[in-house]
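Given chain A's structure and the hints, the job is docking chains B and C onto it.
Residues per chain, in single letters:
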Amino acid sequence: MSTLLEVSGVSVTFDGFRAINNLSFQIGEAEMRAVIGPNGAGKTTFMDIVTGKTRPDEGRVIWGEKSISLLGMNEARIAQEGIGRKFQKPTVFEEQTVQENLLMALKKPRGWFSVLTYRPSDADLAKVDALAGEIGLRDQLTRTSGELSHGQKQWLEIGMLLAQEPRLLLVDEPAAGMTPAEREHTTDILVEAAKTRAVVVVEHDMEFVRRLNCKVTVLHEGAVLAEGSLDHVTSDQNVIDVYLER
Amino acid sequence: MQRSFIAKNPSVLIFLSILALFTLLVTVMSEGFGVGGISTSFIKTLGKTLCLCLIALALDLIWGYTGILSLGHFAFFGLGGYMIGMWLMYERTRLIVVDSLTSTEIPPTDGEVIDAIGNQIFGVVGSSEFPLIWAFADSLSIQLILVLLVPGVLALIFGWLAFRSRVTGVYLSILTQAMTLALALYLFQNDSGLRGNNGLSGLQNLPGVTASQDHVSLWFFWASAAALGAGYVLCAWLVSGKFGSVIRGIRDNEARARFLGYSVETYKLVIFTLTACIAAVAGALYYPQAGIINPAEIAPIASIYLAVWVAIGGRGRLYGAVIGAAFVSLLSTWFTGGQAPDINLGFYTIKWVDWWLVLLGLSFVLVTLFAPKGIGGLFDIVVERRAAKEANQ
Amino acid sequence: MRQLFLAGLAFLAACLISPGLGQAQDALIQPILQEHQALIVKSSRKTIGPAINAVASSGLPQAQTVLEVWAAKNMWQRKSDGLFFIGEKIDSKIYTLTDFDSGELLGEFLKSDLKQLKPNSGIRALIGTALVQFQLSDPDIEARRAALLSIERDPEASLLAPLRASIEGETDAALKAQKQRLERLLTIGYDEDEAARLAAISDMSGDLGVDVRATLNPLLTTKRDVVVGAAPEGANIAALLRPGQGEFDRLAAYDMLVAKDLAPARISKDDIRTQLAAHIDGARVGGVPVAQLNTDANRLAAYNALAEAGTVPAFVSDTAIEAALAAHTFFDVYLEPSKAVTDAATEALKDIKLKVGLNQMLDLTLDAVSLASIYFLAAIGLAITFGVMGVINMAHGEFIMMGAYTGFVVQQIIPDHTVSIIVAIPTAFAVTFAAGVAMERLVIRWLQARPLETLLATFGISIALQQLAKNIFGTQARPLTAPGWLDGAWVMNDVVSISYIRIAIFILALIFFAAFLYIMKRTRLGLETRAVTQNPRMAASMGINPDRVNMLTFGLGSGIAGIAGVAIGLFAKVTSELGSDYIVQSFMTVVVGGVGNIWGTLAGATMIGFLQKGIEWMNPSNTLAAQTYMIIFIIIFIQFRPRGIIALKGRAAGD
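Those protein sequence lines, which keep their order, are chains A, B and C.
Using numbering that gives the first Met the number 0, the first residue of the first sequence is number 0, and each one after it goes up by one.
Using numbering that gives the first Met the number 0, the first residue of the second sequence is number 0, and each one after it goes up by one.
Using numbering that gives the first Met the number 0, the first residue of the third sequence is number 0, and each one after it goes up by one.
Warning: the hint list may mix true and false statements.
Using 27 Å as the maximum straight-line C-alpha spacing, the simulated DSSO-like pairs for lysine-lysine come out as follows [stated by the list, open to error]:
id, chain 1, residue 1, chain 2, residue 2
1, A, LYS106, A, LYS194
2, C, LYS222, C, LYS259
3, B, LYS7, A, LYS126
4, C, LYS469, B, LYS350
5, A, LYS107, B, LYS7
6, C, LYS92, C, LYS78
Since the hints were derived computationally from the structure, they do not count as laboratory data.
It should be emphasised that the depicted structure is a prediction, and the values quoted were computed from it without experimental measurement.
Pulled out of the complex, with its shape left as it was, chain A reads as follows (with noise of 0.2 Å):
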């Protein structure tokens, strides 16, 4: 399995505190990952750096099989190459329609140009169509997204990324505030994403990571404390030590 996503060595420090300290993190292509730690552990900013929101004291980001690096390139770009991220609240552009914002991140030219002369086809609202069958939105095309429950924006906004068609998608906490029923959805979006993509999760809900039934990377203070199946790594001393530590 070709290595998708290669972090090593990466360090940031806020005013003094080390945020991020030395981290190293590999995921392959088609591959799931949880990733779990006690909060302050790094798992935000973590992505932050991927996703090129905040640049690293030292430390290689690379990406992709021409291993290029994602150090000075905007989030925009980074975008572009295809890492799509989900923040932890529910962030959709709420003064449009769902169909709207599937097709603003649909696979497609970003240039302002293009944008400017695009006009959707039939095939792209099609697409747009099944994308919302898959996140269960298909009644709910027309509606105001601001309209949404609370667990359909987080539906849209995973359906959003879809569209994007990224290679690595970085999912924070998908389920909070999610009922049982909504969960299960959840995690049957995610795991049908990660067959054909990368897909990190970060997420606190054990019960959650247990679900998605993948490898599992334990961060503390800023660095990898334990990575492996879930089994192996809540059995690991380091790991219940800092987490009964708390």
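Same frame as chain A, but now just chains B and C:
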């Protein structure tokens, strides 16, 4: 299948029809071509108002749709005016100078003509040399290009600097205000090359045209109406498609747009520059009707009034901006022009010349507090009522 | 009358102090006058010298009176015996006479028996100079001071000797130093002896006084001259000039030649035109059709044709001009003939210039500090509300204005300036605090989390308040007078000075800075404010009422703006536009400094103050341009530090 742009946006058609009707009505009522119910000076006021509506459209595009409150668009408006004003003033002075010089015994040389023009134009600031920026003032076509180019390039440079460093929100507003102030202060200097605080004057006279102001004012009125119509269609087209989706997306959630792969900075820059150009066109049409342009026109306060109009009209909808600009600026003219009747309370007489700004300021607060959608929001209520009625039936 | 009394008093004092003078009292001045009777009566500027000298150098105390009376045209000669007396008019025909020596009133005389001496202005000037030595040694210190001042204002070569003579006997130390200084300056300017002048120049070099520069600069006055061939030997030449180089224009050089009749006059384009117009022959001039005279080349051809015919003077071509310039030497020559003196003066001025430069730097720094404290005062309230609540208060400038007007109103009620200022400061704080709280409760609270709309709403308030002020107080500027003890300036030397008002504002800014730090770090309100700033929801859950904190913060910020208004009103005119003059700079201060940090505001104010003064110094004639460049600089500065000089970093800064 795709529906045509106009069919999807009936409001555009409605707007264009109303504008056409209004233009026709004004023409019929004018002194120049019609029965003379409307004075020429009022035609000019109406023409200027149309230009203000156009710049309000530009502000609505950048503020209402993209979420960037620019307090600097009057700088671009003014620059557009200056660019066309340079040609108008140069050409008119040249005609006068040539006329006076040919009456002498010896025909003038080119150098003498240029010196005399320079003296006429810059004598008031104690100079007779043509500054470099007047290099193309003798060419209408180049000056017309500069109407777009100068404000456009300024917007491009400023926008590039500002957006690149991710200045947003109120910070950006303050920065655009600072830009306007810097430009105004620069133009106030006598050696700015644009006659300092004297500004450019006599712009209402079209060089070489002998037609009376009754006619000229109507030509400009028509041009303004055409520009407003074209601007409206352009803006409506911009905001209706995916481009519109993206800029509204940037307004509502910049980070999401960025992580979807849209270069937010580029989009902002495009919109900023484009609206600067629209503002410049509006300015280039406005000042020949006003007759004079000076740096005070560019002062930050003007741009803020513009924001007031758009807010009162209802931002985020194009007709709102137009209604706001037309309504408030005409009302302003009426109140501050001294036509409005004073109210005698017995112990105190309310003079509208004095109290209009107080009223405007307070009504602005009230609109922001209680009617954030502005006058345009009223239409929503009407539309919703009708929809509800239909649903009931 | 008063003068007479003073003179009498002085006389008395002189008798008491100086026994030598007392003895001289016995001697009479009338004989000296009689000795020079012919000269005095002749009254000619050319010959009067010995007579004045004789009186002045007589050493008699009466001499001063004689000279004063003489200069005032009150000296009369009795025709019968030729003696001189003080004459006083009784009526048109009758005068009384007083003896110079005894001071005795001799009675009334007919005007026809007397002859009035009417010295002309030239003689009066000579008498005045002679009088200086008496005034310089006058027992009354005020008189000496006045005499010294008049010499300073109007120095003359002849005053040098009396001034020198008076230094020895000067009793007042300060006045003596002043006399010595003036003596040095007069020596530089007027001493016959070159060595003495050089010594004086070296004494005064490095002195910062304006008077020193005013003395040295005339020594270096030059005159521009031109001669055929080489420069004259022996002249004290400042510089040789080459036409076309530096400031020395070729045409100006040629015009110098013309003025000295060394070359024929240039024929300008206007001359050509006039001549051509004067010689139109039919439809042609010099064979060229008039219609073709619309290019310079054709006009020149026509002119040359006229010149050949001899009707007009020949055109001076460029080559001719060049040749004429090459054949002459242009130079600047010092009016002062001594090269040693001009060299020394140049050197001394160079020293002084360096020193003045350094001192100007210091002065500029003081100016910048005072400007920075004004910006700090104006911006601190804004920074508080912006930092704590994320609210841009566009009406902040109007709160400053409100404070200034409060000061004005208080001054109308309490006429004593000191008391009124003391009352005005808390009153202004109270008024603007109340206005701020009202605005927060009525408007801003309802717009939270919508910063752009807050900006606009506060702007609406700003428009309304400004117009309201105009309606109430009118458009003319209202004075807010500083108390007397704030008048004047602290003068360190002729270059460095700073007005007391500015020092007071600086101190006020320091007080505010300290008070703010204290409130934020040591009080309950500060703690709550910081908590609300960092995490309003958490703070609320811990029992802090964020609404109350916001309200108080806003009131505090507005109150400080009010006090700043009183301070600004003391040196600026109080108008309804007072606030808007400062608002942009205040915003810049906050933006440049960084939000949410008082140190940032301090740094921002300092930077903007220094920057503005620095740019003004580089281009002093143009304060408008200075502001333009400053704003451009700030826009570029934002590129490198988008969050200001002192920025919060990391996740806390948020997005």
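Right, here's what the structure says about each hint:
Under the criterion of a C-alpha separation no larger than 27 Å, the hint pairing LYS106 of chain A with LYS194 of chain A is consistent with the structure, at around 19 Å. A C-alpha spacing of about 14 Å is found between LYS222 of chain C and LYS259 of chain C, which places the hinted pair at or below 27 Å, so the restraint holds. The straight-line distance between the Cα atoms of LYS7 of chain B and LYS126 of chain A is roughly 22 Å, inside the 27 Å bound, and the hint therefore holds. Using a Cα cut-off of 27 Å, the hinted pair LYS469 of chain C and LYS350 of chain B holds, with the two alpha carbons roughly 13 Å apart.
For the hint pairing LYS107 of chain A with LYS7 of chain B, the CA-to-CA distance comes to about 23 Å; that is within 27 Å, so the pair holds. With a C-alpha separation of about 15 Å, the suggested pair LYS92 of chain C and LYS78 of chain C falls inside the 27 Å cut-off, and the hint holds.
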